[in-house]
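Q: Spelled out, the chains give:
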Amino acid sequence: MCSARSAVDLSLEEDTTLAMLVARGDAAALEELYNRYSRPVFSMAFSLLRDQSTAEDVSQEVFLALWRRAGRFDPERGVFRHWFLHLAHNRIIDEIRKRKRVSLHSADKTPEDVEYLLEAPGNTADQAITAVMFGSAAEALRGLPEAQRTALVMAYLQGATQQEIADRTGVPLGTVKTRLRLGLIKLRQELSQPVDEEA
Amino acid sequence: MAERYEGSIEELLPGYALNALSPDEQTLVERALEREPRYQSMRGEYLEGAAALGAGHEVRVPPPELLGRVLNAIRAEDETLAVGSVVPFRQSIPMAMWGVAAALVLAVVGVGTMTGLEYQRVGELEDEMDALVADNGRYEERLQQQAELAMLAVQPGVQQAALVAVADPEPARPMADGVIMSKPDGRQVLWLMHLEDLPAGYTYQVWLWEGTDAAYSMAVFMPDADGQAMIDMWMPEHDARGEMLMTINVEPESGSVVPSANRVLAGWIN
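Protein sequence lines, in the order shown, are assigned to chains A and B.
Per the numbering used here, residue 2 is the first one in the first sequence, and the count goes up by one each step.
Per the numbering used here, residue 9 is the first one in the second sequence, and the count goes up by one each step.
For the record, the hints were derived by calculation from the structure and aren't laboratory data.
Any given hint could be a false lead.
Which stretches of chain B does chain A cover? Using the computed rule of at least three CB atoms under 8 Å from a CB of chain A, they are [as the list claims (entries may be wrong)]:
1) 73 to 82
2) 185 to 199
Here are the in silico distance ranges between beta carbons for each label pair [to be verified]:
3) B:Pro207 to A:Ser137: 33 to 43 Å
4) A:Arg169 to B:Glu136: 26 to 36 Å
5) A:Ile186 to B:Pro207: 21 to 31 Å
6) A:Ala28 to B:Glu38: 51 to 61 Å
7) B:Glu204 to A:Gln128: 33 to 43 Å
8) B:Asp135 to A:Glu15: 25 to 35 Å
The beta-carbon is built from N, C-alpha and C at its ideal position, and this holds for glycine as well.
Using the sequences plus the hints, can you model the full thing?
A: Written out as structure tokens, the structure reads:
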């Protein structure tokens with residue numbers, strides 16, 4: 002138990018050191034962070050975008066953004082892993098929103114699109130989770146109350162803003178904010194143990 | 009100005025962690041995070057929850073050549089910066105913006121090898137670019153909304169009605185106004201302009217009145233940074249009975265069950 006905890010701490014410290022080296026322009030450090038995080042980043046991009054080529058392009062952009070922005074990471078404000086996965090998700094969501102602007106009509110959506118998965122008649126947030134989530138995170142999402150689950154799925158998987166969630170579900174914006182907050186807190190409690198990138 | 013939002017930053021942090029904020033809200037949170045250390049630990053907790061989701065996808069192995077692409081892109085960018093020109097790597101940004109960005113980068117970096125501080129400055133410039141991209145996205149979205157509105161206006165059977173300001177605006181402020189388009193199938197598209205930015209804890213709410221006593225809530229919304237809003241609504245078939253009054257009121261943030269007396273706009277719709 003004690004040694005496992007130490008290994009986690011060591012890994013976090015290594016991430017922080019590597020990020021600081023990247024901020025100084027060390028390409029070898031970036032390569033090491035790529036080795037650690039390319040799988041989770043690419044898996045997230047592929048799951049949410051459902052397209053190999055776009056997932057590759059977005060993943061490349063994410064690591065390029067890391068190269069440019071590593072100096073913005075402050076270890077006193079949080080863990081590198083959380084900061085970086087947030088950055089990656091942000092880029093992926095940008096891509097999803099760009100697609101939405103290009104293709105506003107549901108007729109253009111394919112059965113692989115996450116938006117289609119959510120909006121097709123009879124489909125639910127549970128089916129979207131089944132399609133793109135995996136393992137303990139999927140189980141933790143399913144364990145949330147339905148309203149929180151739906152709000153989180155619309156935000157995280159579909160790229161909907163809080164306001165869009167309120168409009169689509171017909172509930173007040175304040176309620177959506179509360180659902181997202183409670184859902185994230187519960188997810189954090191459920192999934193607080195570190196996840197192995199190599200899993 | 010920022011103090012007006014103090015109460016709502018905490019509420020925005022979960023949406024920030026999920027990237028579920030509008031560009032304006034995101035900017036607001038980022039400024040607050042720079043200013044207030046107490047928000048940073050809260051953000052950390054929400055980011056941890058979001059990161060758990062981020063690690064919850066079926067593992068896909070990126071193609072082996074992707075690392076090479078990343079390193080080549082970095083090399084190419086560094087070389088480009090070092091010799092004093094910037095290659096546009098995001099085609100969606102207007103060329104004029106890239107011109108500004110290139111001038112800024114050159115002003116800071118100059119010619120030669122970049123130091124760590126210069127990298128950090130490039131990161132800051134990247135943030136500024138992101139803000140420009142966000143603005144660009146907002147304008148694109150607005151143009152699309154207006155195009156959609158124009159297309160709706162010429163469809164057969166669509167009724168239009170104006171919503172006019174009820175209260176006098178502050179001096180030097182344009183008067184709020186709006187238009188509602190009603191389709192025969194019950195779809196209502198409301199386009200509003202010059203709405204005031206509300207203090208924290210308040211929102212706008214659309215009400216449809218039956219007579220003078222009963223009112224139904226149609227939507228709760230916040231305008232964008234320019235005071236504009238487009239709201240898509242559906243009127244239940246049983247409610248579509250002749251001329252009805254629509255009002256836009258200021259209500260507590262989560263919306264009201266009954267309308268307040270703080271009415272901003274009103275208009276009769278068919």
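Q: Against the structure, test the hints numbered earlier, and report the numbers of the ones violated in rising order.
A: Violated hints (numbers, rising): 2 and 6; every other hint is consistent with the structure.
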